[in-house]
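Undergrad: As a plain string of letters, each chain reads:
There are 4 protein chains.
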Amino acid sequence: MAHYGSRLVVPVDLKKKPWEQELPLHNRWHPEIPPVAEATTGELFRVEMIDFSGGAITQNYTAEDAKHVDLSAVHHLSGPIRIVDNEGIPAHPGDLLAVEICNLGPLPGDEWGFTATFDRENGGGFLTDHFPHATKAIWYFEGIYAYSPQIPGVRFPGITHPGIIGTAPSMELLNIWNERERDVEENGLQSLKLCEVLHSRPLANLPTTKSCLLGKIEKGSDQWEKIAREAARTIPGRENGGNCDIKNLSRGSKVYLPVFVEGANLSTGDMHFSQGDGEVSLCGAIEMSGFLELKCDIIRGGMKEYLTPMGPTPLHVNPIFEIGPVEPRFSEWLVFEGISVDESGKQHYLDASVAYKRAVLNAIDYISKFGYSKEQVYLLLSCCPCEGRISGIVDAPNACATLAIPTAIFDQDIRPKNNKVPIGPRLVRKPDVFKCTYDGNLPITKNPSASS
Amino acid sequence: MAHYGSRLVVPVDLKKKPWEQELPLHNRWHPEIPPVAEATTGELFRVEMIDFSGGAITQNYTAEDAKHVDLSAVHHLSGPIRIVDNEGIPAHPGDLLAVEICNLGPLPGDEWGFTATFDRENGGGFLTDHFPHATKAIWYFEGIYAYSPQIPGVRFPGITHPGIIGTAPSMELLNIWNERERDVEENGLQSLKLCEVLHSRPLANLPTTKSCLLGKIEKGSDQWEKIAREAARTIPGRENGGNCDIKNLSRGSKVYLPVFVEGANLSTGDMHFSQGDGEVSLCGAIEMSGFLELKCDIIRGGMKEYLTPMGPTPLHVNPIFEIGPVEPRFSEWLVFEGISVDESGKQHYLDASVAYKRAVLNAIDYISKFGYSKEQVYLLLSCCPCEGRISGIVDAPNACATLAIPTAIFDQDIRPKNNKVPIGPRLVRKPDVFKCTYDGNLPITKNPSASS
Amino acid sequence: MAHYGSRLVVPVDLKKKPWEQELPLHNRWHPEIPPVAEATTGELFRVEMIDFSGGAITQNYTAEDAKHVDLSAVHHLSGPIRIVDNEGIPAHPGDLLAVEICNLGPLPGDEWGFTATFDRENGGGFLTDHFPHATKAIWYFEGIYAYSPQIPGVRFPGITHPGIIGTAPSMELLNIWNERERDVEENGLQSLKLCEVLHSRPLANLPTTKSCLLGKIEKGSDQWEKIAREAARTIPGRENGGNCDIKNLSRGSKVYLPVFVEGANLSTGDMHFSQGDGEVSLCGAIEMSGFLELKCDIIRGGMKEYLTPMGPTPLHVNPIFEIGPVEPRFSEWLVFEGISVDESGKQHYLDASVAYKRAVLNAIDYISKFGYSKEQVYLLLSCCPCEGRISGIVDAPNACATLAIPTAIFDQDIRPKNNKVPIGPRLVRKPDVFKCTYDGNLPITKNPSASS
Amino acid sequence: MAHYGSRLVVPVDLKKKPWEQELPLHNRWHPEIPPVAEATTGELFRVEMIDFSGGAITQNYTAEDAKHVDLSAVHHLSGPIRIVDNEGIPAHPGDLLAVEICNLGPLPGDEWGFTATFDRENGGGFLTDHFPHATKAIWYFEGIYAYSPQIPGVRFPGITHPGIIGTAPSMELLNIWNERERDVEENGLQSLKLCEVLHSRPLANLPTTKSCLLGKIEKGSDQWEKIAREAARTIPGRENGGNCDIKNLSRGSKVYLPVFVEGANLSTGDMHFSQGDGEVSLCGAIEMSGFLELKCDIIRGGMKEYLTPMGPTPLHVNPIFEIGPVEPRFSEWLVFEGISVDESGKQHYLDASVAYKRAVLNAIDYISKFGYSKEQVYLLLSCCPCEGRISGIVDAPNACATLAIPTAIFDQDIRPKNNKVPIGPRLVRKPDVFKCTYDGNLPITKNPSASS
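Chains as they are written, first to last, in the UniProt record's numbering: chain A, 1 to 452; chain B, 1 to 452; chain C, 1 to 452; chain D, 1 to 452.
Everything labelled a hint here was simulated from the structure, so no lab data went into it.
Where a beta carbon is used, it is the ideal one built from N, C-alpha and C, also for glycine.
Hints may be right or wrong, so weigh each one.
Taking beta-carbon pairs under 8 Å as the criterion, some of the chain D residues facing chain C (in silico) [claimed, not checked]: (1) 125; (2) 176; (3) 204; (4) 256; (5) 299; (6) 319; (7) 333; (8) 344; (9) 347; (10) 361; (11) 391.
Pairs of lysine-lysine, DSS-like flavour, derived with a Cα cap of 25 Å [as the list claims (entries may be wrong)]: (12) D/304 to C/346; (13) A/369 to B/304; (14) C/17 to C/210; (15) A/16 to A/216; (16) C/210 to C/226; (17) B/219 to B/15; (18) B/374 to A/304; (19) C/417 to D/254; (20) C/304 to D/346; (21) A/304 to B/417; (22) B/254 to A/417; (23) D/417 to C/254; (24) C/16 to C/210; (25) A/216 to A/15.
Produce the entire structure from the sequences given, and follow the hints as far as they go.
TA: What follows is the structure in structure tokens.
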């Protein structure tokens, strides 16, 4: 008889702090962070993860924790996991690591998550110039569904996925990252005239020893100091995969990751119960703890075979993803469009970021006509299964981006209608249960039961 | 008994030139272009359209016509159509015009289309720095399917849609367009440091009297001269809808268009048998002649009710779209990712255009491993039903964009596999029938029958 | 350059009677009915068809024509079409004929259809013991959508398909049909105790010279008399395909038909704009005239290769179907169940027909609570895209069948709710416009415009 | 802060026998079986279940246990659960109980299941005249996927669902069941001429004290004896829901169950990892242990409001189901058809059971051409996500039923092709690892790892 079920290779204990876990976590990318576990090709194995903030953002109905969160400590990743084949031979640099996501979900007993915006002064977000304050919504899970006391009248099935999955970079690749990101941090401003209306946030997230977690590397040791100064932050996605935030990377999907170090050293984390394309509010998915059940295959020599470098070295590659057949599907969508003209009326040149920003703002304004505050809609569009598309990128001077929202997630009909309802706000969503607890916080409800 | 079927309000004759049509066409946006037809709310009416180039790009197996096309003559639109309600009262400025697409398709007897790239010196495209020459592929339609002798081994059902649908702008809105676009044309370069690797094309498409078609306005009259100097080009999408290129705007979809002039003056054209998100090669959809069967409703006062200005005037709005339930659906996708690091290895800041460009280049390189030239894949990704997503727009410094390709459109399995096939080009697609006819042209086949 | 578009091989003229068509129609299956046209493998060809009744059932708002329809004249088929390969060699007995449906639809200018029940004394239907009278609803098409003045508040996109597609039988196969069907007609009653509550209709539809149409065979000739006495009726589906009524056989589907005579002799007809699984009211689809665009391939020796006889001869086979990717898809369904206990409370043994009947009756009763008469719902469930499933066929004594109805086709929410609406009929669907014109007829409306 | 996660109301211990469970199980329907737990409307609660056989069919690679299974002991249900509203008032007879399935799956640590056929002498199945021997396949789960060492080359995502969910019958309803089923058992044979070729199995499953489990009722007591003689078997589905085997009743679905006794007394069990429509081999789903996370609502007076009796008493009703948006969706299907002519060539009259039987036999024969034994395919079609449709039920004398199989579950292309592969069996599926262990058993493999 065969073995069945998955083997737990990385457990987490939610009662412990990130640095107290039995298998120590890490929040940086570096080739020298040692593996904490090993898995064999063909084997079904299970990885557990704490939420990206490591428990810093809590289930409390206040945005204080989101406001003051230490962003130098994110994301808390599980791993690295060394991958070997059936004969014990590890993945080699130049191989492709095929990782199939056979199952995933929240950790049993921890079925809740949060969506937040950060303060303009501490992280910000895509629309931080419109929404400068920290806000937070708590979501409770009822099986496949999520609902939030802070955003009543909405309930949707999640397309659950890991925000981060990646392999360890080689030293050479790490150096490339650090150089190019330091360059934009140091020299970026002079060339940012076009985009500056968009952003008042740090231009890059460079290595820092602050709040650095390096797994089995002993804190305070010389090795720790060296690695901590070099190790890349986990915030941007890069050649090794990492923080890709591909919202459809759910059950049955596959990732083909380039291997840069022996054993591949796979790490994962930042579980999302659901996310909208773009994750616009930065902490915009429904963030949670969770587990993955994975199955790996090694495609020997696959990097050369299947990936083409897109830059000066053979390391300038990107992973490939294969999306699976199991996810909530919606048949009706309302679609908002944006063009690359900004809110001041200024014309930008084929800028998809400006166009998408305008599409998101259009959607926020529209949906706020149905009884929501704009903050509520901003959070909602960050985490519900909406789709952000680049519809046209060639018709100068206007890029055209769209945001498509499934109409079924609302408990009312949000389509335009011919004067069937009085003009003006139609329905304030449960106004009697709203209560602000402090400046910049979201209104909350007294009765958090789902509206379903 | 009821009337049934649609009323043909705008016919075209494919044997005639654009300027010889019974109901004259137009290729500019201007409030003073008079309606050529009228339709009533609730009525099913039919509009026929010639292809965007007005027949300039032909079915010949050469890219010469694409190379020398006069882009000042595009797009050839049918209309304007004045919309009135059941009591004969026209749509008013401030109303919303709800346009339902009940049916559409190629014109009977003209079941073919083309996809092309333009020369770097005459239009270019999203990847013109990689693909500077004009190329062209001819597609033949077999009902819902399209195949091309120039890109063998691929066949897919089209999500057919109009590339352009819009209302006439008011004079005030037209002035806003002309000002802001002239500004980017004149002052754009100094602020384009960040994006300049992307583009060597004109920054905007400003009004020009060259090749101007103004419908019923007599050419050479004083009125013609005035309008031709003022009228906006149809190339970019804007507040009135226009060239949105939303690839899912197919059967059963609805568009909610703002009304800026009395009667709304609806125009449409640029029919696409199929298009990929982004329409990356510029002339990148499968361009064709075609028809629409439409049904309109007027939502009185709907602009104020449902749209929120996103700029200094009440005119800074965007239309809303509702996507219908009938379209080809695919269950398996291969997804390519790009981050905002360009081909030189340079870091850009949260630039979705750079990220999407890299995702497209990654996809082109990957698929070219399966027996295609890169030019073939570039054309294919412009017109097949692939999806371009903004996956992450907040994780500084990298935006993350993805391009998802349905695997079912190929007659081979294009997924990465574990050394099941020899490394290197696997299968040159029908190499014996390829033949270049001139420099910069696509190879063509002798036997254009579908491979199915 | 390639030829494009389809070649019209069988035209029809709707102004002419069935027997006046240029290429004569037929309404029987017989090997000696000569082909009226020829098509080559790989070629896209077009076939036009009149409605199954040959125009006998009209667009009038009365059920008189349905009541008195001559059922010995149905179905009016186009063809036979002889199929040859690229070298002119015809399909041979023993081959498989692969027929791809590339496109289809109503005939331009004839965008309407009808759904009817027949009188208990003239045809009946699945529920004729509950609904003994003839009724009729007229449907008008707005592109992909259908609406009926007789069943207001409902509008749905059609999954359009041919009800009948088949090859000519050989004489040997025809003899098998006639023998076994004569047997059930003559000896059936004694063994029908179990099922008799279901049916008071003729047990089989045997050959008859009445209203027989035999294509090019001259009426009154000796050959005509002989064939007319032998030829099989088109009502039941059989080994050659025929009246399969597979409601998803729409654009992009394929049929693999066994070939019994040289040239295959393909015939088709009985076009349906839409149909529910089971076509319960007999004339239960939205019947219409229409066209098919087809492409054939011959799989030489395919019968032996792919089909297995399921009976005493090698001819006892069934065709295979391949369903395409393009059809309306619905995400929410209300499902009604039936078990094999009949309306008198009597237990039947694993009888899927009884179970399905009860599921249909349950659905009719339920939906009639939302303002419809039961006759309206019976017609609706015959023609809307509902799914009839055999859910359990093994748990003695109860078979379990289900009928699933997409909720999106109604303009109201038809799900059970917790006392949100008063008990009792909620909304009589436009009662002021209902008017019976004669006994057994459906109410009709004065204003046939769609409610959309 | 809100409570989150589900409350476990019925635990099971897989190491214990059915009759040793802490909350005792039951395998009969009777109003006097006392509730073992209580749940409140709006509350998310969790129910655990052992497999339907109570562990009698094991993970061993032999069909001996399936051959000798005691069918009088099935199905082992968890519950009854008494349902009360927020004020503690129980569901009343006449109410509707709305049960939402928020989540479900195998029990953690027990991720495997089985599909079997029973011996003709002990249970049989839909095709027992063709497949008279017991066989068994073991399936292992890799997250959403299942694979079987006994049926290599196939792997599919499950649409997991409970086979049984129902409320307790009232005494009056129980009496109706027992009378009508005794009637078919005693008087059935004389009226079964038409269908007798189908079945050589018991005509009904009448009450029996053998292997009876009655929850908290003490075995051997007078009450136990009385109830055991009266209590209905769980095998057929009936008015209370029960063994409906609706294969799409998965995550996000709802069941609206009639309430016949105070508290509703909800029971559930017979978890299926996956099932084909019809569950043709009787023990034909992938049977497993599992859990449900449920949420109930009481619709007061809902039976009268929403259900219509279909028989002589107000109790002759059926539940309503609402199918959810989350399930694997396939875009390509191969469809096999059957008509109501049996394998001897005999004509039956509109008999959907005969037609479906023939469709299933056609599919078995076809797929066996691709390297499988017919027993393997029979098991596969019982448990993979295939769809059984009643396509035509009115065209006398032939009912037309279809079986649609998603092509994506195979690791080879199973569509008919034009002589691309040699005629005859193409690929014996891993023949070297097949080995029969005893008469009537399925071949098994030595290496049970997935082929993926």
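Undergrad: Please go over all the hints and tell whether each is borne out by the structure.
TA: We went through each hint and held it up to the structure:
{"no.": "1", "hint": "125", "result": "holds (6 Å)"}
{"no.": "2", "hint": "176", "result": "holds (7 Å)"}
{"no.": "3", "hint": "204", "result": "holds (4 Å)"}
{"no.": "4", "hint": "256", "result": "holds (5 Å)"}
{"no.": "5", "hint": "299", "result": "holds (5 Å)"}
{"no.": "6", "hint": "319", "result": "holds (6 Å)"}
{"no.": "7", "hint": "333", "result": "holds (4 Å)"}
{"no.": "8", "hint": "344", "result": "holds (7 Å)"}
{"no.": "9", "hint": "347", "result": "holds (4 Å)"}
{"no.": "10", "hint": "361", "result": "holds (6 Å)"}
{"no.": "11", "hint": "391", "result": "holds (5 Å)"}
{"no.": "12", "hint": "D/304 to C/346", "result": "holds (22 Å)"}
{"no.": "13", "hint": "A/369 to B/304", "result": "holds (11 Å)"}
{"no.": "14", "hint": "C/17 to C/210", "result": "holds (17 Å)"}
{"no.": "15", "hint": "A/16 to A/216", "result": "holds (17 Å)"}
{"no.": "16", "hint": "C/210 to C/226", "result": "holds (13 Å)"}
{"no.": "17", "hint": "B/219 to B/15", "result": "holds (22 Å)"}
{"no.": "18", "hint": "B/374 to A/304", "result": "holds (17 Å)"}
{"no.": "19", "hint": "C/417 to D/254", "result": "holds (12 Å)"}
{"no.": "20", "hint": "C/304 to D/346", "result": "holds (22 Å)"}
{"no.": "21", "hint": "A/304 to B/417", "result": "holds (13 Å)"}
{"no.": "22", "hint": "B/254 to A/417", "result": "holds (12 Å)"}
{"no.": "23", "hint": "D/417 to C/254", "result": "holds (12 Å)"}
{"no.": "24", "hint": "C/16 to C/210", "result": "holds (20 Å)"}
{"no.": "25", "hint": "A/216 to A/15", "result": "holds (20 Å)"}
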